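Protein chains in written order, with numbering that gives the first Met the number 0: chain B, 0 to 119; chain D, 0 to 197.
By construction, these hints were calculated from the structure, which means they are not laboratory data. On a predicted model such as this, the values are computed, not experimentally measured, just so you know. Note that beta-carbon positions come from the ideal geometry of N, C-alpha and C, so glycine has one too. Check the hints yourself; a few may be wrong.
What the hints assert, rightly or not - Within a straight-line C-alpha distance of at most 20 Å, the following computed SDA-like cross-link-like pairs (lysine to any residue) qualify:
| # | chain 1 | residue 1 | chain 2 | residue 2 |
| --- | --- | --- | --- | --- |
| 1 | B | K93 | B | A70 |
| 2 | D | K19 | B | V97 |
| 3 | B | K45 | B | G56 |
| 4 | D | K19 | D | D174 |
| 5 | B | K73 | B | K93 |
| 6 | B | K45 | B | R68 |
| 7 | B | K93 | D | V130 |
| 8 | B | K118 | B | Q84 |
| 9 | D | K153 | D | P184 |
| 10 | D | K153 | D | P67 |
| 11 | D | K19 | B | A1 |
| 12 | B | K93 | D | R128 |
| 13 | D | K78 | D | R32 |
| 14 | D | K19 | B | A70 |
As the list claims (entries may be wrong) - Residues from chain B that face chain D, not an exhaustive set, calculated with beta carbons under 8 Å:
| # | residue |
| --- | --- |
| 15 | I11 |
| 16 | M15 |
| 17 | S54 |
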Amino acid sequence: MARILLVDDSEITRAMIAEFLQMSGHQIAGEAGTMAQALAAYEANKPDLVTLDLSMGEDDGFTVLRALREADPKARVLIVSANTQADVYDELLKEGAVGFIVKPFTLADISVAVAKGLKA
Amino acid sequence: MSLDAAGRRVLSELVAAGAKLCADKLTGATHDRWHVEEVTLSIDEAGPFAEAFNSVVHDHYGTELVFPGGGFLVLFSGKSGYLVTNAFTREIQDRVEGLNQREANALGELCNILLNPMVGHLAQAWGFRLVVSAPRTRISSRRELLTESLASYKESDALAATFFIRLRCESLFSDCHILLFLERPLVEAISRPRSAAS
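So that you can see chain D by itself, here it is in the shape it has in the complex (with noise of 0.2 Å):
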């Protein structure tokens, strides 16, 4: 099942949403601000932002979380994923400075804490708890973190829908990419009028 264009309109819309408490959890939890530069909803596959994820070879930070029904995958590039941390560490520079995988670690908990407000946000509109995985957090390219994370989806053709969603922090010169992969009995759940879907 596709989605029609009203679908796709209130989908977008409630996803936007959802970017913008991202983005808001973000400034509170590195203490700079952070805003929604892009929201790109493609149907069927990753679409054009695949295509341009090609073009980077160079190592990104890259977390999943899964829910029934869909994940997430967010992204940092190198650069962006030391200053983000150094942010969001800020007041334990001392206790953290030996850690092992400190950005890493870091970047785990920090998607932990953006993605939930989006995920509330989508539960409540949809009308059901969203239960989401604990991070689990790696190092590669872009290209291979994002082939790797699809390949689980294309085996099963089960993905219905892909939003890409862009955030910035000027003050930390950094970026933030999250990647939101819906299935189709999750997306055929959510099209239905509540009292059909409970």
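This is chain B alone, in the form it adopts within the complex (with noise of 0.2 Å):
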């Protein structure tokens, strides 16, 4: 079991999240809707592993990532995206990112990224 930060500006899509992870026996370590909050709830929780969109409304997924990336070195991130132009995840691996979660996403889906990025 791993506790896991949501960072997504859609509660929708937070909720989902949730509750496949919850299903597959993980814990919610927080949520958070912007990047002040992710940082905020990261340094609190310590979690084991984020979930971080891409597109968030005010804050880039890119700039967030960095962040959390400053803030630990060791932050696993793992990219929410419905992106499916080649190059960004390439950036985003380069950046730091331990895998991606492509939407619309499934159980086995969310299940499967989430072990290769504890991993990681």
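Taking the hints as your guide, dock the two standalone chains into a single complex.
Laid out in structure tokens, this is it:
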């Protein structure tokens, strides 16, 4: 079981990810809808893994990823996105992302991505 | 610059293929089969479908996503929005039942999901990355939503082409209308041979 922080400006997506994570036996270590909330929640909860939306309302996912990795270079961040442009994913890996969850996702997608992310 | 006949054909084929990707994503997200019913190109203005929009006065969910050189407006009627939201959130119904603006929230996210494959498809064909904004969903009449979206392009006389895409799901008794707006600089860039554009 891992403790996972959910960062997404969409309550619907956070609810979906939380449901699937809990069904997989994981614990939700907090939820955040903005970069400021994400950094505060990370600092307070020190999660094993973060799921991060790439396209948040006011905060670009790249910026949030960099900020989280600056705060903790060992932060494991899984990107959640509907983006299909391969070069975007290449760049995210260079920035330190440990994997991806492509929307729309299933319980199996989440389980596999989280397992891989925790091993990274 | 206007598109010539060959340019219109190429662009129409590209967008039609993208529309199929949108339908496939909607199918995956709602667990119900969607298909493309119509893809229509209008040059320079919103065209005949804008006229048709005037006849429907009840409220719709309108979600906008913009990118450098254009944007999308995705429309669901109130009924379609409700049914599609239920299908999209069926695995988390209990969690989202009391959510403020449940449909608007869900449809915004759904539009992000269904449009990204189209964006990726266009980006790959055109040879550059397209960064799309986060979705913004409003509730108003179709006419109002279209008028507001068009206003930003009309002010600068920037609109070069508009596509109207209609997706249909029989099992959900639902339609999804997508308008794709393309501005002149983007149309000029994609009309150039790849080597000249890069």
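Worksheet item: Of the hints given before, which are not true for this structure?
Response: As far as the earlier hints go, 2, 3, 8, 11 and 14 are violated by this structure, in ascending order.
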